[in-house]
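Number of protein chains: 2
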Amino acid sequence: MTTSTRQTTTPHPGTDVAMPDAAAPQASEPRSTEQLTDLGQGLRAATGGRYGPVRDLARASVPAEVMVRDASLDMAGARAWTNEALRSLVRYGMAGSGFPTTVGGLDDVGRSCVDFEMTAHGDLSLTVKSGVHFGLYGGAVTALGNEWHHETFLRPNLALEQIGCYAMTEFGHGSDVASLQTTHTYDPETDEIVVHSPTPSSTKTYIGAAAQDAHVAAVYGQLHVGEESHGVHVVVVPIRDADGNPLPGVTLGDNGAKGGLAGVDNGTITFDHVRVPRAHLLNRFGGIDDEGRYVSDIDSDNKRFFTMLGTLVRGRICVAAGAATASRKALSIATRYALRRRQFSAPGHDGDVVLMDYLAHQRKLIPAIATAYAHTFAVNEVVERLQELHEMPEKDQVAQRELETRAAGLKAVITRFGNDTIQTCREACGGAGYLAENGLTVLRGDADVFATFEGDNTVLLQLVAKGLLSGYKEMWGDLDMRGMVQFAARTFGGQFVEATAARPLIERLRTAAARKGEGETLLDRGWQLAMFADRERHVLETLATRLRRRADDQDSFEAFNSAQDHVLLAARTHMDRVVLEAFVAGIEECEDEQVREVLDRLCTLHALTSIDADSGWFQAHNRMSAGRAKAVVAQINELCAELRPQVLDLVEGLGIPETWLNSQMLQDDTSARWTPGADV
Amino acid sequence: MTTSTRQTTTPHPGTDVAMPDAAAPQASEPRSTEQLTDLGQGLRAATGGRYGPVRDLARASVPAEVMVRDASLDMAGARAWTNEALRSLVRYGMAGSGFPTTVGGLDDVGRSCVDFEMTAHGDLSLTVKSGVHFGLYGGAVTALGNEWHHETFLRPNLALEQIGCYAMTEFGHGSDVASLQTTHTYDPETDEIVVHSPTPSSTKTYIGAAAQDAHVAAVYGQLHVGEESHGVHVVVVPIRDADGNPLPGVTLGDNGAKGGLAGVDNGTITFDHVRVPRAHLLNRFGGIDDEGRYVSDIDSDNKRFFTMLGTLVRGRICVAAGAATASRKALSIATRYALRRRQFSAPGHDGDVVLMDYLAHQRKLIPAIATAYAHTFAVNEVVERLQELHEMPEKDQVAQRELETRAAGLKAVITRFGNDTIQTCREACGGAGYLAENGLTVLRGDADVFATFEGDNTVLLQLVAKGLLSGYKEMWGDLDMRGMVQFAARTFGGQFVEATAARPLIERLRTAAARKGEGETLLDRGWQLAMFADRERHVLETLATRLRRRADDQDSFEAFNSAQDHVLLAARTHMDRVVLEAFVAGIEECEDEQVREVLDRLCTLHALTSIDADSGWFQAHNRMSAGRAKAVVAQINELCAELRPQVLDLVEGLGIPETWLNSQMLQDDTSARWTPGADV
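In the order they appear, the protein sequences are chains A and B.
Counting in this note's numbering, the final residue of the first sequence is number 680, and the numbers go up one at a time with none missing.
Counting in this note's numbering, the final residue of the second sequence is number 680, and the numbers go up one at a time with none missing.
Here chain A stands alone, though its shape is the one from the complex (with noise of 0.2 Å):
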């Protein structure tokens, strides 16, 4: 069942986004002193949601040499402008915010997430090496971990005494956690328990913080008591000594240059019978107890698994997060040189005409910023949500479900976006965008392990269906194929139609625009809205039926695999509706009538869009006539015609202040180089 987030959120500004003393920056610190027009500062207002008074702070307080990397450093230079950061970060008060409050920490795990993102306006590896400290090791030991562990591990992480890192992923397996082949194996003889990579394939492999940073690991391998297996467990191992030098039966390695993140030291870790006390086993789920049993509150060895796996729903949210940040940074970036860059004179007009004046050059950046919106809104809900579900006293399973579910969602489908939007944006810029020191190719190289880190995109797609086809029921593996198609024989439903969000408005918007059907205006959000719900219903029906066919087929493999297409299929068009009506329940808050008009052009610019990308199959299942298709691109031609003019405080509303976008081009002193006006 699908619950609006909307409506329990509880803003409370002011009370949560204080920062603890300590970490409050100083008062003689640089600020940056941004001037934005109104329409500019009423969109990042309206944009900001629960944390917005966290991410105002930042914006203004944390100067841009803490936040921007010099592009032309090596990876040994930018390996050690990261580190450097990660100091500034804790003085700035952006770590460990979700860490316990004893010790340190605000115990807000939505904060934690915005400390992400904001890290992402500016530099990329100090975003991933600072989640990897905090966020995955941390957290980690945060959600698996008891108060010992809370005490021991998370005081010297939020000190940067000892840094931390993750270990999860083998060279043998990485998207199949289950099948991780690390031991953990418990010795009762000394009380202690033995780490070890048993094969080659073993090996942890592009661990962040592993090649020279990190003095301690976060260890997922499987947990052997006695005779008895008990499925993948994480346990803390010390890895290098206080000087830096690997410890007894630690094999550390380099993985070397990547496609970008240059300043995170990702590395290999091999474990040869490496002995750690009992007491580093995270054992809030499944632990070992005085008298060497393993003991556990939950039965079942697969429902623990995933119980623990839940805890990843925070780095999704993250990289979900950052990645819609990179496409909103280099959306910035390219729309200001598209202002400032022109080329080619035209009959009758003064100068040269500006990139932004060609309808070329809108369609390319307009409809991406409207995109940027939407997942900006979609962003928000999450992390608010996460938060939320985190203060509930009693926790709600099916809740929990659903939000893992669309944390994967929207992890898949806004690093799809970042992907491809950061390209665009770098060739609208021409041979400009592709100088490293105009801070476009650094973004998309760093930005491109989004896709496959936290979970390859292709992989949480079919986390999303399983969720969807469960009804949010079933614990969720991360590619049960067999699962998938069973669940959709025994379970399936039809629950998925509810509103993600702001359930009303948008259900009454729905029914109001189904009267009319195609009578209704392009313009309509309650046609644009129906034409969503109204595609993954459609397409979840026929898969569930399809599966269902197939059922009880002895190769599950084959029946699971005819129909993946469709399975992708069905999950983006849900994540379609989740990002459409996030937006929706996003503009229904904002209270200023100029900054809601323009969301609603760009929500209405941002659902065309959306619907022409889907044109075939609109058509195909007879949803929209050959005429309303075409349109759809005019409407759209159109709309970019209107935004045209706004489209400066669409990109401050985006929210990156001018000086972290870390650009050469757009600097003043150099913009003489290419000013027309300067040199006819």
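The hints are simulated quantities; they were obtained by calculation from the structure and are not laboratory data.
These numbers come from a predicted model, not from an experiment.
There are no misleading hints in this set.
Pulled a few chain B residues facing chain A out of the computed Cβ check, cut under 10 Å:
id, residue
1, Asn266
2, Arg342
3, His349
4, Asp420
5, Gly430
6, Glu437
7, Ser562
Just so it is clear, CB atoms sit at the ideal spot from N, CA and C, and this is done for glycine as well.
Assemble the complex: chain A is given as a structure, and chain B must be docked to it using the hints.
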């Protein structure tokens, strides 16, 4: 009027592939020993074309060390490696093929494109550096100079004693070449030309080899003789002495790190009244006589300008060839990985499932392989056509315009496909795909620039539309808005529906299919061809009508701009047809039945994938029913399943020697790291 290139092709292998003795590789050189399957070998033979033996020779004789660069080299190391590799290219006869025979060349411009293409199988920095030196600089001297220029500048070029660069782009103007601001002013007192950068925005930028290595530059600028300006001309200007120091009046800068191409030293050049002898003006189309008067066989400044720009055609063909190769390489890496990498167990199956067996993975890679084959044939056609026109005693202006149009269009569509495909391949390899050592991120970063250099893709597609509207009868500038609107009114006929290649066959197939309409099977080549041709015809006719209606508008910018998306669509649909017809013509030349059958299947997969991508258009314009639109998707899945068993042969056929893939994860000695069979 379009003409068939296939019909006039005379294959003459053996004679025209002989290399000068001095450049022949030594017998003692290490040679790659590729073991191909019969089908893989047959596919290579079928896609080799006129220059197949040149390609085979390069693959067989050039060792991987020459072709692939260590991904961990920093910028300085990469630049040094590239310079060293440049020497090897000369040694292996892969340089200067397009130069006149009088100076040691082969007078074979088609072959020079193939040399460029073959370097792209290895490292794109080497490709671009050699392309700038031999192709752009050497090509400008060859095409725009006289015998004295050839003797004086090409001999030291081929001997690598004088590194050349191509100084066209300025900060202020890239796409708009006619508006360049650098001045070439004739001084009759000293009989010299004064080369000058009069404004900050006239500084040359992004110039390959300018930052570090180039001794001499082909400089584009406005020629002034007496009181008159004669438009853009090219002057050869020494910029560095033999020790690498900038010459007096020349200021050189370094563009620094870029999105890729670490081995290419792009930089800036500013001229402060630099004097060169009058003889340094490349004067084939316009020069200064001994009396100091401007002389030219071409009366119109405009016509002369476009004739000179016509020499850009080879550069664009080379970029298309390079991008096509980059796609083939990425697909080779990702497919080979997908055949080794396993993830997730499947009920009832032994071991984890090979990635290539997932439908979603097949859909990512196999249709892209099919399109890569299509592009291979399309590139061959245009490369061979270039040489045919070069060999013709009488110049055919319309044929030349058509070639220029096609080169521009192929460059745009193939580089777009390249960037998308390399990214798909990188993501299909998960975390491993993100490591530089596995080759994909380096390739992606390097190939990225193809989208905007040698003509911005958006600008190039507009050239294509203009060529179509004018029936190739007009000279074309880079973006002439008034011209485009007026051509539509004046000259547009209907000649575009003629087949571009293998005309009788294609027209026969189309005609047969037209009689049956939707009754025809999706597999019918005639139906596919008719769909592409009909779409192009409709888009172009409606574009012409739309522009014609506004031909008298005062504001021709507005008239052009409001239809810009339509202009781009016209160009794309034309190029889609050109590419498909090249594929069909290529198959027609293949005599091996087994190979032909596979190519047929690939061609259908390519065609249906393209139709599916444009499904919205075909339905909105009543060219395809809803039922047929759905059937296309099912047929694509079926074709993927049919081609799955041959997918290794398919990538062998793409023609990149395995040792040139430069992908650590495909090396035998490291594959044990993750081959599940080795560790369970």
